[in-house]
Amino acid sequence: MELFGFAISFILVKNIVLTQFLGICPFLGVSKDSKNALGMGLAVIFVIFMSGIVTYGIYHLVLIPLEIPYMRLLTFILVIASLVQFVEMVLKRFIPSLYSALGIYLPLITTNCAVLGVALANIDQGFNFTQTLVYSLSVPIGYLIAIYLFSTIRERLELSDIPTPFKGNSIALIMAALMALAFTGFAGIA
Amino acid sequence: MDSIFWAIVIGLALVGIFITTYLLNKNTPVPEGCEPNPGCEGCQITSCVVRKDNKEVNV
Chain A
1 MELFGFAISF ILVKNIVLTQ FLGICPFLGV SKDSKNALGM GLAVIFVIFM
51 SGIVTYGIYH LVLIPLEIPY MRLLTFILVI ASLVQFVEMV LKRFIPSLYS
101 ALGIYLPLIT TNCAVLGVAL ANIDQGFNFT QTLVYSLSVP IGYLIAIYLF
151 STIRERLELS DIPTPFKGNS IALIMAALMA LAFTGFAGIA
Chain B
1 MDSIFWAIVI GLALVGIFIT TYLLNKNTPV PEGCEPNPGC EGCQITSCVV
51 RKDNKEVNV
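Here the protein sequences come in this chain order: A and B.
Here the first sequence stands for residues 1 to 190, where the numbers follow my numbering.
Here the second sequence stands for residues 1 to 59, where the numbers follow my numbering.
These are calculated hints, taken from the structure and not from any lab test.
Think of the CB as a built atom: it goes at the ideal place given N, C-alpha and C, for glycine as much as any other residue.
Do not rely on the hints blindly, as some may be mistaken.
[Unchecked claim] Taking lysine-lysine and the DSBU-like style, the derived pairs with C-alpha atoms no more than 35 Å apart in a straight line are:
id : chain 1 : residue 1 : chain 2 : residue 2
1  : A       : 167       : A       : 35
2  : A       : 167       : A       : 14
3  : B       : 26        : A       : 167
4  : A       : 32        : B       : 52
5  : A       : 92        : A       : 35
6  : A       : 167       : A       : 32
7  : A       : 14        : A       : 35
8  : A       : 92        : B       : 26
9  : A       : 32        : A       : 14
10 : A       : 32        : A       : 92
11 : A       : 35        : B       : 52
12 : B       : 52        : A       : 92
13 : B       : 26        : B       : 52
14 : B       : 52        : A       : 167
15 : B       : 26        : A       : 32
[What the hints assert, rightly or not] Covered stretches of chain B (in silico footprint by chain A; criterion: 3 or more residues with CB under 8 Å from a CB of chain A, positions within the stretch not fixed):
id : region
16 : 8 to 20
17 : 23 to 30
[Claimed, not checked] Here are some, though not all, of the chain B residues that point toward chain A, as calculated from beta-carbon distances under 10 Å:
id : residue
18 : 2
19 : 4
20 : 33
21 : 34
22 : 39
23 : 40
24 : 41
25 : 44
26 : 45
27 : 46
28 : 48
29 : 49
30 : 50
For reference, chain A alone in the conformation it holds in the complex (with noise of 0.2 Å):
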C-alpha cells in the first residue's frame, strides 16, 4: 500500500514534466499529434525502466565498490546511450513491429533529460531496489499521461480560433501551465 501511494504520488503529484519540468523538448516537440505522443510515451517506459535498473545496479556493484561514486553522472550518460542502441538493435531484429511502432522515437529518448534525471534521482534519494523499480515505472507512466492529455489537447486548439501571437508553442506554453495547475489537485490524494 505504501509503494501503491508512492507510485500514484510520481504519476500524478510530482509529475516529472508538470512539477520538475524534465523533458520538457519532447514533451512540447512531440505532442502535436495524439499517435506521435503515445508512441513517444511508451518508448519512454521502456527506456526509462530498463535505465533506471541498469544504472541501479552499476553504481551499487561497480562504482561504490571501486570507491569512484564521482563517475557516476558519465557512467549514467553512457550507459543510457548504449542503453538506446542496444535496445534500437534488439527490437530491429527480434520485434519488427514494435520497432516500426516507436519509429523515430527510440533515438530521440538519448537526450530526453528525464531519463537522465529519474537514473540520478534513484541514487540522490537513496531508494532501495524495490522503490527504484516503482519509480522507474511510475515517473514514465506520468510523463506517458502528460504527453497524451496534452497532445489531445494540441489537437483540438489546432481547430479553435486563436488570435495570431499566441498560436503555436505560446499557447502550447499556456496550456501546459493549466495542465500543471490542474495537476496539483491530486495532492490531496497521495
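On the provided structure of chain A, position chain B as indicated by the hints.
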C-alpha cells in the same frame, strides 16, 4: 591512485561499449516491411541528426 585508475578504466570501457553498440545497431539491417524513418519535425533544433531536413540532405 587506485580510484583514478579505475575511473579511467570504467570510462574507457563505457566508451568502448557505446561504440560497439552503435556500430552493431548501425550494421543491423532494418527489417522488411518497416518503412525507413521519415525524419522528425518535432522541434526547432536544426542541427539534430534525426531532423527531416538533415536526413534529406544526407541522402
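Consistency of the hints with the structure:
1. Distance restraint check for residue 167 of chain A and residue 35 of chain A: the Cα-Cα separation of roughly 21 Å lies within the 35 Å cut-off, and the hinted pair is therefore satisfied.
2. Pair hint residue 167 of chain A plus residue 14 of chain A holds up; C-alpha atoms about 29 Å apart against a cutoff of 35 Å.
3. Proposed proximity of residue 26 of chain B and residue 167 of chain A is contradicted: the alpha carbons are some 39 Å apart, above 35 Å.
4. Distance check on the hinted pair: residue 32 of chain A and residue 52 of chain B sit about 16 Å apart at the alpha-carbon level, within 35 Å; holds.
5. Distance hint between residue 92 of chain A and residue 35 of chain A is fulfilled; the C-alpha atoms sit about 21 Å from each other, no more than 35 Å.
6. A distance of roughly 13 Å separates the Cα atoms of residue 167 of chain A and residue 32 of chain A; the hinted pair therefore holds under the 35 Å criterion.
7. Under the criterion of a C-alpha separation no larger than 35 Å, the hint pairing residue 14 of chain A with residue 35 of chain A is consistent with the structure, at around 25 Å.
8. At most 35 Å may separate the alpha-carbon atoms for a hinted pair to count; residue 92 of chain A and residue 26 of chain B meet this at roughly 11 Å.
9. Restraint check for residue 32 of chain A and residue 14 of chain A: the C-alpha separation of about 24 Å stays at or below 35 Å, so the hint holds.
10. The suggested pairing of residue 32 of chain A with residue 92 of chain A holds, with an alpha-carbon distance near 26 Å, which does not exceed 35 Å.
11. Our distance criterion of 35 Å between C-alpha atoms is met by residue 35 of chain A and residue 52 of chain B, whose separation comes to about 19 Å.
12. A threshold of 35 Å between alpha carbons decides the hint, and for residue 52 of chain B with residue 92 of chain A the separation of about 21 Å falls inside it, so the pair holds.
13. Annotation: proposed proximity of residue 26 of chain B to residue 52 of chain B holds, straight-line Cα distance about 19 Å (limit 35 Å).
14. At most 35 Å may separate the alpha-carbon atoms for a hinted pair to count; residue 52 of chain B and residue 167 of chain A meet this at roughly 23 Å.
15. A distance of roughly 29 Å separates the Cα atoms of residue 26 of chain B and residue 32 of chain A; the hinted pair therefore holds under the 35 Å criterion.
16. Counting residues of the region 8 to 20 of chain B whose C-beta sits closer than 8 Å to any C-beta of chain A gives 6, which meets the bar of three, so the coverage hint holds.
17. For the region 23 to 30 of chain B, the proposed coverage by chain A is satisfied: 5 residues have a C-beta within less than 8 Å of a C-beta in that chain, meeting the threshold of three.
18. At its closest, the beta carbon of residue 2 of chain B sits 8 Å from a beta carbon of chain A; the interface hint therefore holds under the 10 Å criterion.
19. Among the interface hints, the one on residue 4 of chain B holds; its C-beta lies about 8 Å from the nearest C-beta in chain A, closer than the 10 Å criterion.
20. The beta carbon of residue 33 of chain B comes within 7 Å of a beta carbon in chain A, closer than 10 Å, and the hint placing it at the interface holds.
21. Proximity of residue 34 of chain B to chain A holds as hinted, the smallest CB-CB distance being about 4 Å (cut-off 10 Å).
22. This hint holds: residue 39 of chain B has a C-beta 7 Å from the nearest C-beta of chain A, less than the 10 Å allowed.
23. Using the Cβ-Cβ criterion of 10 Å, the hint placing residue 40 of chain B at the interface with chain A is satisfied: the shortest such distance is roughly 5 Å.
24. Taking 10 Å as the C-beta cut-off, the interface hint given for residue 41 of chain B holds, the closest approach to chain A being about 9 Å.
25. A hinted interface residue such as residue 44 of chain B counts as satisfied when its beta carbon comes closer than 10 Å to some beta carbon of chain A; here the least separation is about 8 Å, so the hint holds.
26. Annotation: residue 45 of chain B was flagged as interfacial toward chain A, and the flag holds, the nearest CB pair being 8 Å apart, inside 10 Å.
27. Interface hint at residue 46 of chain B: violated, since its Cβ lies 13 Å from the closest Cβ of chain A, which is beyond the 10 Å cut-off.
28. Look at residue 48 of chain B: its Cβ gets to within about 8 Å of chain A, closer than 10 Å, so that hint holds up.
29. Given hint, residue 49 of chain B at the interface with chain A, holds; its Cβ is 8 Å from that chain's nearest Cβ, closer than 10 Å.
30. With a least beta-carbon distance of about 6 Å to chain A, the hint placing residue 50 of chain B at the interface is held under the 10 Å criterion.
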